[in-house]
Amino acid sequence: MKMRVVRAALLSLAMAGLAICGAAPGHAQMGQRVSATTIPTAQLIQPAELNKLLKGPASARPLVLQVGSHMLFEEAHIAGSEYAGPGATADGLNVLRARVKSLPHSKFIVIYCGCCPWTKCPNMGPAYQELHAMGFTRVKALYLADNFGADWVSQGYATTHGQ
Amino acid sequence: MRRPTDNSSKLATRLANAARRALLAALLLACGPASAQARSPQALVHKPAPAFVRRDLNGQQLSLARLRGKVVLLNFWATWCGPCLTEMPEFMAWQRQFAAQGFQVVGISMDDDAAAARKLATKLKVDYPIAMGDPDLGRHYGGVLGLPLTFLIDRKGEVRAVYQGVSNLNAIQTEIRTLLIER
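Taken in sequence, the protein lines are chains C and Y.
Counting from 1, one number per residue, gives the positions in the first sequence under this note's numbering.
Counting from 1, one number per residue, gives the positions in the second sequence under this note's numbering.
Some clues are possibly wrong.
[Claimed, not checked] In silico lysine to any residue, SDA-like type, Cα no more than 20 Å apart, as pairs:
1. Y:Lys119 <-> C:Lys55
2. C:Lys55 <-> C:Met71
3. Y:Lys119 <-> C:Thr89
4. Y:Lys119 <-> C:Met71
I should point out that these hints are in silico values taken from the structure, not numbers from a laboratory.
Make the full structure from the sequences, and use the hints.
Structure (C-alpha cells):
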C-alpha cells in the first residue's frame, strides 16, 4: 500500500513537471510535426504582396528568412532572403533562434519554405511557432500553395541563387 | 597509419565535390543546347533529359545515358517530404512489376545530408538506385524547387511527362505502360 502511494506521488510529480515544461514559453515543441495549416490565416502573406513590399522603400521591407531545405535555398531563393532552417529539426530551429535573438520583437519578419505543397510542409509550422513563442509580434508566413518554384520563381518575382 | 586531419579531409571532400560538379557541367555542355538550364521542369517535356553521372548511395556508378533504351522514372525526393515517402513504395512495386519490360526507377535525393537519405532508403528497403542531387542538377532539370518532382523519360532519353507535388499515381502508371509499349 505504502509503495503504491509513493509510486502515485512520484507519477504525479513527473506529470506536473512535464506539464510545466510543456507550458514554458520560448520554445516550440522541437521534433514534433506541426502542420503549416496551424498558422493563423491572418498571419499569411501572399507572394504578390511580399514581392511588392520588397520593391518598396527599404524601411518597409521585412527580414525574409527561408526556413526549409538548404539545398533548395542554394538552388534558388527570394532575393535578399537569408537561410535559417530547416524548421522541422531541432538544429534548424537553433539556427532560426540564433538569427533573430538580437532583434527587437517588433521586427517585421517573413518566413517561407515552399519545399512541398502547403499542407504537407514540415518546416513552416514549427518555425512560426518558435518565433511566436519567442515573442515576435510581426511575423508573417509566405503562403506558397504548391511550392517555391511554381508560386514564386515562375511568377517572375525577384529570385537569386547561391549560398 | 596516419589519419588525415579534419581539415585535409574537408578539403578532399570539397575538391571531390568541385570535380563532380565540373564533370556534370562538362557532360551537360557536351549534350548540347537541349540540356541547357530549362525555365521550368515542364519546359523539358519533349526535350532530352539532361545527362548526369554520379555515384549512388551504394557507391555504384549511375549514368542516365547508360539507361538509354529503357523507360526511366526519375524521382526527385527528400526524407522531409511526406508525399515523397508515400510514393516510394509504389515506385518499388512498379520497378519489380515492369523491370522485365525495360523499366527503371532512379531516385535523386535532395536532402542536405546523404546519411539521412541512406538511413531512410535502408528503412524503406528501397531496391532501385538513389544518388544525391545538388543545386546544379536541380537547375538543369528546370529547378527542383518543390517536391516530389518526377520525370518520365522514354526509351530514346526524351522527357515525356513531369509530375509535381501530390500526383495521381494511377495516371503515372498508365503513362508508364504507354511508354513501355513504344519501341
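Results of checking the hints against the structure:
Among the hinted pairs, Y:Lys119 with C:Lys55 is inconsistent with the structure: their alpha-carbon atoms are about 43 Å apart, more than 20 Å. With a C-alpha separation of about 26 Å, the suggested pair C:Lys55 and C:Met71 falls outside the 20 Å cut-off, and the hint is violated. A threshold of 20 Å between alpha carbons decides the hint, and for Y:Lys119 with C:Thr89 the separation of about 16 Å falls inside it, so the pair holds. Our distance criterion of 20 Å between C-alpha atoms is met by Y:Lys119 and C:Met71, whose separation comes to about 18 Å.
Checked against the numbered hints given earlier, the structure breaks hints 1, 2 and satisfies all the rest.
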